Each structure stands twice: as structure tokens, then as C-alpha cells.
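J.: If you read the sequences in order, they're chains A and B.
With the first letter of the first sequence counted as 1, position 111 gets the number 110 in numbering that gives the first Met the number 0; the numbers rise by one all the way through.
With the first letter of the second sequence counted as 1, position 4 gets the number 3 in numbering that gives the first Met the number 0; the numbers rise by one all the way through.
These are calculated hints, taken from the structure and not from any lab test.
Take these hints with a grain of salt, some might be off.
Stated by the list, open to error - The calculated label-pair distances, taken between Cβ atoms and stated as ranges, are: (1) A:T3 x B:W28: 34 to 42 Å; (2) B:L5 x A:V123: 33 to 41 Å; (3) A:G140 x B:A35: 38 to 46 Å; (4) A:G140 x B:L5: 53 to 61 Å; (5) A:P28 x B:A35: 20 to 28 Å; (6) B:D1 x A:V123: 21 to 29 Å; (7) A:D232 x B:W28: 43 to 51 Å; (8) A:A229 x B:A35: 17 to 25 Å; (9) A:S31 x B:A35: 26 to 34 Å; (10) B:H8 x A:T145: 44 to 52 Å; (11) A:I62 x B:A35: 54 to 62 Å; (12) A:W18 x B:G24: 46 to 54 Å; (13) B:A30 x A:V26: 54 to 62 Å.
Said to hold, decoys possible - Here are a few chain B residues that face chain A, going by a calculated C-beta distance under 8 Å: (14) D7; (15) A13; (16) A14; (17) A16; (18) Q22; (19) Y25; (20) Q36.
As the list claims (entries may be wrong) - Negatives, chain A to chain B, calculated, CB over 12 Å: (21) M0; (22) M33; (23) F51; (24) R68; (25) L122; (26) V123; (27) L150; (28) I152; (29) Y162; (30) G195; (31) W204; (32) A214; (33) E216; (34) A225; (35) L231.
Since we're looking at a predicted model, the values are computed, not measured.
Note that the Cβ used here is the ideal one computed from N, Cα and C, for glycine as well.
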Amino acid sequence: MKKTLLGLYAAVTVLLMFWGYYQAIYVAPDESTMHEIQRIFYYHVPSAMVAFLFFAISLAGSIGFLTYRRTRPDWAQISDAWALAGAEVGIVFCTIVLITGPLWGRRAWGIWWTWDARLTTTLVLWLIYVSYLLLRRFAAGPQVQTLAAVLGIFGALDVPIVYMSNRWWRTQHPAPVFGGGPDSGIKDPLMLHAFGWNLLAWLAWGVLILVLRFAVERRQQKIAEAEAQAALDA
Amino acid sequence: MDPVALIDHQYTVAAYAITWIIQLGYVAWLALRWRAQNRAARTAAPSNNY
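In isolation and in its complexed conformation, chain A is listed as follows:
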């Protein structure tokens, strides 16, 4: 039953991805100043939003692990798996943001990169979560999960700074598209629909790979528990 539901969800997600692509490339009109390069927006912005959401999931998992590690070890392990899955999949989406953004910027501004607030804080966010994964990969010992949870919480503190950076400071990065004041927002309905479909598609895709990553991590935890038990029994 679970496999059938997952398969169905995956099929709907793939259809959404195709529909989102069609909307972005064939339905949304050319933007008046940036023309075709503006279409990167339909992948860049949803990727950023999904990355933020998954870093928030990692934050929740990290807090859950620290809360339950002494009282409910089984819940702590589940929380830790969500923390890791959220961080890793968040990095995938954040990497896409950091690549698609400069591709757009090179054509729109003539530069690949600038050390403005939005770009710099996003790079810092990516580096913090990469260091989270490196800690989990290369450190050993019983405190790794605790240290990672603390790092995950500190990393999540950068997310609101990234989000607010182009409101608090003057940046090369464009002003907020949503919630940026009376002149913000997507005015063209076809563009708005294309953005909406792509946001839904990327969110669905992100949730799918998040759940898969969580499942992989839970299996890994169970393998580690079985190995530890076998070592004790030997």
C-alpha cells in the first residue's frame, strides 16, 4: 500500500514537473527587459523557497533530537533522520540556487558574482550546511549527532537573514518579488501561473526526495543498531 501510494505520488510529481516546464518555457511570456533569461526565475526562486523550507525541517529535527535524546531515544533517532534529510536535500536545492542565480546574473548584470548581502548570506548558508554534512560524515563518536544538531540550529539562524537581506540592505540582487512593497509581485497572470505551477512542482519533487532520503537514513540507523547489537552479543 505504501509503495503504491509512493509510486502514485511520484507519478503525479513527474507530471507536475513536465507541466511546470511547459508553463515556464512555452506559456509564460517574454519579460520586457530581460527576455528569455528571465525564465531562469521559474527554477531559481522555487528552489530557494524549497531550500528554506527544508532547512526549517532540519531545524525541527535538530531540536527534536536534542529534546528527546535522553528521554525517548527512538524519537530522537527519527528526529535526527529528519534533520539530516532536511539538511542534505536543502543543500541540493541551495546548490541549484547558487548556480542558476549567477547564470542569470551574468546576462542581466554582466557579472557572475558580487559580494552583496543576498548572495553572500546564501553562500554562508550553503557552507554551514555543507559543514554539517562533513561533520556527520567524518566525525566519530557518540557526540556526533548532538554536535550536528547544534550546528543545524545555528545554520537555520541564517535562513531569515538570507530572506530579509534584500529588505534590510541595498543589494545587487533584485528587490523582493513577493512581499516587497506595493510595487512588488508578478503582475502578468501567465507569469504568475507559471511561477505557481513551478513552485508546486518543485515542492512536490523536494518532498519526494526528502522522504526517500529520510527512509535511507532510517535504514542506515537500523543497520548501525543491528551491528552494535551483534558486536555486544559477540
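With the hints as your guide, set chain B onto chain A.
T.: Here is chain B on its own, set in the frame of chain A:
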């Protein structure tokens, strides 16, 4: 197509292609890990992953 529009098109294609390469590459890596876990569960061999 004028040269500016052609380069814009190439950059847009690159952005979309790189996005999909990263996403599908990650899914492929997950699939490989799943398979490795299946093997480990069958043989009870030690795993060097996370």
C-alpha cells in the same frame, strides 16, 4: 536569432539542464545507497556510510 538572444537562450538551457543534472544525480546516488543497504542487510557486512 540575434546573437544576444542566442546567448540568453544558451544560458537558460544551461540553467535548466544543470538543475536537472543535480536533481537526478542526487536521486541516482540515493538509489545506489539503497542498493548498498540491501546488500549489507543480506550479507550483514559492515557499512562505511554515515
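J.: Any hints this thing doesn't respect? Which numbers, in order?
T.: Numbers 1, 3, 5, 6, 7, 9, 11, 12, 13, 17, 22, 31, 32, 33, 34 - these are the hints that the structure violates, sorted from lowest upward.
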